[in-house]
Every structure is written in C-alpha cells, then in structure tokens.
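> For the protein sequence lines, the chains are B and G, in the order given.
The working numbering puts the first residue of the first sequence at 733, with every later residue one more than the last.
The working numbering puts the first residue of the second sequence at 53, with every later residue one more than the last.
It is possible that some hints are incorrect.
Said to hold, decoys possible - Covered stretches of chain G, going by a simulated chain B footprint (3 or more residues, C-beta under 8 Å):
1. 169-183
2. 264-276
As the list claims (entries may be wrong) - No more than 16 Å apart at the CA atoms, straight line, and that leaves these computed lysine to aspartate or glutamate pairs for EDC-like:
3. B:LYS771 with G:GLU185
4. B:LYS829 with B:GLU790
5. G:LYS293 with G:GLU185
6. G:LYS165 with B:ASP758
7. G:LYS158 with B:GLU790
8. G:LYS194 with G:GLU249
9. G:LYS78 with G:GLU185
10. B:LYS811 with G:GLU65
11. G:LYS158 with G:GLU185
12. G:LYS293 with G:GLU249
13. B:LYS811 with G:GLU185
Treat the hints as calculated values from the structure; they're not laboratory data.
Ideal Cβ positions, reconstructed from N, Cα and C, are used throughout, including at glycine.
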Amino acid sequence: MELFFIILGMALVTFIPRLLPVLIMDRLTLSPWVKKWLKTIPYAALGALIFPGILSIEAGVPFIGLAGGIVAGGIAFFKLHIIYVVFGSIFTVMLMKFFLL
Amino acid sequence: MHTQARETNKFYESTNNKQIFLNGAKTAMPIVIGYLPIAISFGVISSQTGIPMLYAALMSSMVYAGASQFMALNMLAIDVLGIEIILATLILNFRHFIMSMSLTSKIQHLPLKWKIPLSFGITDETFALLSMEQNEENKQMKGFFVAGVMLASYSSWTLGTIIGGMLSMFIPPSVGASMSIGLYAMFIGLLMPAIKENFKVGAIAIISGVLCYLFNLFLNSGWAIVMATLIGSFMGTFIVKGE
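Excised from the complex, chain G in its bound form (with noise of 0.2 Å):
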C-alpha cells in the first residue's frame, strides 16, 4: 500500500515536473524567435568565411555569446591572434557575472548541482525573462521552468546555426536583419509591466540606457553595459525605497 502510494506520488511530480518544464520553453518562445534568425545568420556568415560547420556548431554550442561569437568571425577572417579573440570575448561577455549574481540570487534555493548547469544558460535574454518572471505570492522559482526556458533557448541557438552552415548556398546572410529588433522588442515587452506597476522603475531604466549611451562614447560595448548597469542599479536602490 505504501509503496504504492509513493509509487503514485512519484508519478504526479514527475508529469508536474514535466508541465513545469514544458511551461518554461513555452514562455521562452519570444527568445527562440529572436535567437533562430541570428543563429541561422551566424550559421550562414561563419560558412562563408571559410569555418567548417562543425566548429561553427562547436562554438555556438560551447561559447553560447551571440556578439562574441560575430566578433570572433571577423577577427578569425583578419586573422587576429587567437588570445586577443579569447580576451576581446571574457571582456564583452564580463557582464554575465552581474546578470549572473542578480538571478542567482533569486534562484537561491535550489541545489548547487542544479545552479551550476543552469548557469551556463545566463544570457542577456533568459536573464533578463527570468528576472522579470513574477512568482505569485513569493513563490520561489522553480527549477524545471528555469530548465525549460534555458534549454529552449539553448537549443534554438545550436539548431539554428547547424540550419544556417548546411543551407548556406540558399539563405542570404542577411536573413535575420529585420529580425533582430524583436530581442529589443521583448525586452521592452519585459519592462512594460513593471515600469507600469511602478514608474520608478522605468527612472532606473532610462538613468541606466542614458549612462550606458554615455560610456559608449568612450568604452566598448560590453564594458558600457557593465558600467551602467552598476552604477545605475546602485542609484536605483536610493530611488527605489523599502522594499
């Protein structure tokens, strides 16, 4: 009877488990369009340039950074030491430490051994869904929809730069160029609601993209968002009060 009964329960966490999961690669669908077209370009671009389709697949499946990943591609066709590439690329892709420290933070409660894999799915995008998720009444994040979302997103990645090198006689490398304004798009789509609850919100928001317009000016892209997002992350803690 006992066994039974656990036998049972087994059964109902895991189909809910699976529902969870599931639950999370649909709500990453806006990532999945957004990153297809870019993997499908790079995909294309990296063929071109003369990369075999296996390291191209490599690099997105290993490095998973869609700027340094172009960045590379245009170093590796100039013909850039291979350290200044590795470099350039822990340089541009610093600010995953930030992103990772904010989301880990949220994701507190589950095992090391889950947050370790989860951590190699951090990218602007399921940072910043994630960070955005709303759990109903302090109800802690799941791992499984954590899953769901990074692997979704993981997988359209790698599948789409595999499409990419294998048709890249028939696709123009230009294919996901009116595409990549819907990554921007859903970030904006994340912030809405929350600048709508609370409109000092979109004060730390607009302080932020200003500073990170103004580091631009003198400092590369990666450094800039760095830059910006700690310095007005800390000025949004004294505009944010209590809670």
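Bound conformation, chain B alone (with noise of 0.2 Å):
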C-alpha cells in the first residue's frame, strides 16, 4: 500500500510539470521574442539530451556511445529514413560491445 502512494506521489509530480504550462500558457500573450525563444529550447534540449547522456551508453567506456553517435550523425547526414539511423547505431553499438569488451 505505502507503495501505492508513492507511485501516487510520483504520477503528480511528473505530470504537472507537463501539464502547468498547457493551463499557463492559455491565458498569456507571447511577445514575438518569447516566441522565438520557444522555437530555439528544442534544439538547445536536443544537444543537452545528447551530450554528454551518450557517452554512458556503456559505463567506463565513452568512446563506445561516441561511436555509436558518429554512426548515428554519418547515417542521417545522407538523409537516410531514421530507422536506419536508430539500427545503425544499434549495430555498431552491439559490435564494439562484442569485439572490445
């Protein structure tokens, strides 16, 4: 039962961050410059949610979730369909694993 509540306490804690700035945001008007920030966060966010998170793919060696990144950057260079990206850097992920460690 105690962790019933917990889960509980987790549930609201995580949803109302995710859930505030729909109800925030509905009765404001943005200024033209907060607009234009809005559209930068995800692009900031992308590069906080790459680096350094990817080099802990595998814990004490970096140079394999580097790999793994490189792999993922030279596939989506050539435009190629993102599931390609996604096993591509899977697949290189699970060779060095085999191969170095």
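Hey, can you piece these two chains together into the complex? The hints should help.
Here it is in structure tokens:
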C-alpha cells in the first residue's frame, strides 16, 4: 500500500510540470521574442539530451557511445530514414561490445 | 439531402482523422523501438527487486518517466523514504516543464480539452520528435497526429513493462543494453536535417551540450539538462537572427 502512494506521488510530480505550461500559456499573449525563444528550445534541449548522456551508454567506456553517435550522425547526414539511423547505431554498439569487451 | 451530405462529410473527416492518427503512430516508430527494450528491462528488474507486476505496470502507466522509474527501483531496494523518491522524481523530471512550454506554443491552436491529456504524453522523445516535425507551409500540427505519436509511445512503454514483468524468468535484465543507444541515435537523426538547413542550429546544440557537460560536473543530470537548455536556447536567440 505504501508503494501505491509513492507511485501516486511520483505520478503527480511528473504530470504537474507537463501540465502547468498548458494551463498558464492559455492565458498569456507572448511577445515575439518569447515565441522565438520557445522555438529555439528544442535545439538546445536536443544538444543537452545527447551530450554528455551518450557517453554513458557503456559504463566506463565513453568511446562506445561516441562511436554509435558518430555512425548515427553519418547515416542521418545522408538523409536515410531515421529507422536506419537508429538500427545503424545499435548495430555499431553491438559490434563494438562484441569485439572490445 | 443536406443531412446526407453532412453525413458523408463526417465520414470523410473521420477516415481522414484516422489516417492522420495512424500516420502519427507510424512516425513514432523510432520511439517505440527505443522504448520497448528499456521498458522490458524495467519490468524484469522490477520483478527481480520484488515489486509486484501490478505496481510496475502502474508505475509505467501513471508515472511514465523512464529514468525516474529506474531510480525509484534503486531507491526502493535500499529502503529510502517514499518522500525522498518523490522529490528526486520531481527534480529529475522538471525539465519537462520547459519542454511542455515549447511544445504547447507549437500546438496552441488546439482546444484545452486536447492539450491537457496530450501534455501527459510529453517525454524527452515525444517532445523532440514533435518539435522537429516540419509542418508544410505553416500548416498547423493536427491534434490526431500528436495523439498518434503519444499513444504509440505510451503504449510501447506500458506494454513493454508488462512483457518484462511476465517473462522476467526468461529475459536477462541486460536485454536492452546495446539498444539504449537507439534513442540517442534518434535525437541525432532528428537534429541533423535542421543543422543541414541552418548550421547555426548545430551551434546552439553544441553550446547546449557543452553546457550540459559542465553542469553535470556539479548538478544532477535533471538540473543539468534544465540549465543547459535554458541558457543554450537563450544564447540561441542571439545566434539565430530574425525568424
């Protein structure tokens, strides 16, 4: 039962940050600068989500994640569908782990 | 006659909406592929930690936040107080506040009764995917598309947890180990076309990544992402001139 309340609490504190902007921004008129800033957020967020997290794919061996990322970048650069980007990097990491670890 | 015309219209609209929804679900495939193995290993590890499968499934369907769920497992295993787990979850997930702000501004045209349930579906991955989705000629993003992306992602997370919990005797907890690169690869794949179109976007991402690395030296990863995103995007508004 205690576990249920922990889960309920976790559910609340994860939903509130997701929900609040919807309720707040419905009542606001945003200046052009704020709108521009909001449009820039995804690029900054992606940078922060990728790095340095990608280095911790394999604990203690940052090079493996880095290699997976470089392969992903290469495949994406040549405009292949994102599914190939995903599987290309997974395959790279599997190979490297197989041969290096 | 009129009624019939209206009925036909309704029919086309509903098949059209269904198509848009399915299109959204299809677009979410990279997320689904990324979520499934992670959710399965969450299910496996939960059951090995001694958490009943019902609770693991509840956690995935109610909390729906990967990193905090794994963190909660660790904390439960060492008997940390519940309130500490909840606080740590809040801190780790506060970044979704900023992501929700940005995404909400993109779907501002949808009615509140759509935006409220959709906001529950915001994760790092759905946010990234929807933000990078190019709308043709400033067409507004369709609610059914957003719903398709979010429901597909959400279902894979919850279903994966249940699968992992049921098959925990047969699946090693390391099931997703090599696949965890997949979501990072997706982020890179989403970012690349934008960088190719405007290299300044790449500069913003790099600045923000470096900032995140620096913040990670003295903050936990949740706050590091929040701070790096805020400062990186703020600097970004000066890098990208005009619209």
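> Taken at face value, is the distance from the CA of GLU249 of chain G to the CA of LYS194 of chain G at most 16 Å?
It is violated: about 24 Å lies between the C-alpha atoms, which goes past 16 Å.
> Is the hinted pair LYS829 of chain B and GLU790 of chain B satisfied, with a Cα-Cα distance of at most 16 Å?
holds (9 Å)
> With the threshold set at 16 Å, check whether the alpha-carbon distance from LYS158 of chain G to GLU185 of chain G stays at or below it.
Holds, at about 11 Å.
> Can you take a look at whether the segment 169-183 of chain G is actually covered by chain B? Rule is 3+ residues, C-beta closer than 8 Å.
holds (count 7)
> Would you check the hint for LYS165 of chain G and ASP758 of chain B, treating anything up to 16 Å between C-alpha atoms as holding?
Within the cut-off at roughly 12 Å; holds.
> Does GLU185 of chain G lie within 16 Å of LYS811 of chain B when you go C-alpha to C-alpha?
Given pair LYS811 of chain B, GLU185 of chain G holds - Cα atoms ~15 Å apart, limit 16 Å.
> Starting from LYS78 of chain G, check that the Cα of GLU185 of chain G is at most 16 Å away, please.
The hint holds at about 13 Å.
> Between LYS811 of chain B and GLU65 of chain G, does the CA-CA distance stay at or below 16 Å?
Measuring from Cα to Cα gives roughly 33 Å; hence the hint is violated.
> Check the hint pairing LYS771 of chain B with GLU185 of chain G against an upper bound of 16 Å on the C-alpha distance.
holds (12 Å)
> Within the segment 264-276 of chain G, is the number of residues with a Cβ closer than 8 Å to a Cβ of chain B three or more?
With 5 residues close enough to chain B, the hint holds.
> Hinted pair, alpha-carbon criterion (16 Å max): LYS158 of chain G, GLU790 of chain B. Please report holds or violated.
Outside the cut-off at roughly 35 Å; violated.
> Going straight from one Cα to the other, do LYS293 of chain G and GLU249 of chain G come out at no more than 16 Å?
OK: LYS293 of chain G and GLU249 of chain G at ~14 Å, within 16 Å.
Going down the numbered hints, you'll see the structure goes against 5, 7, 8 and 10, while the others check out.
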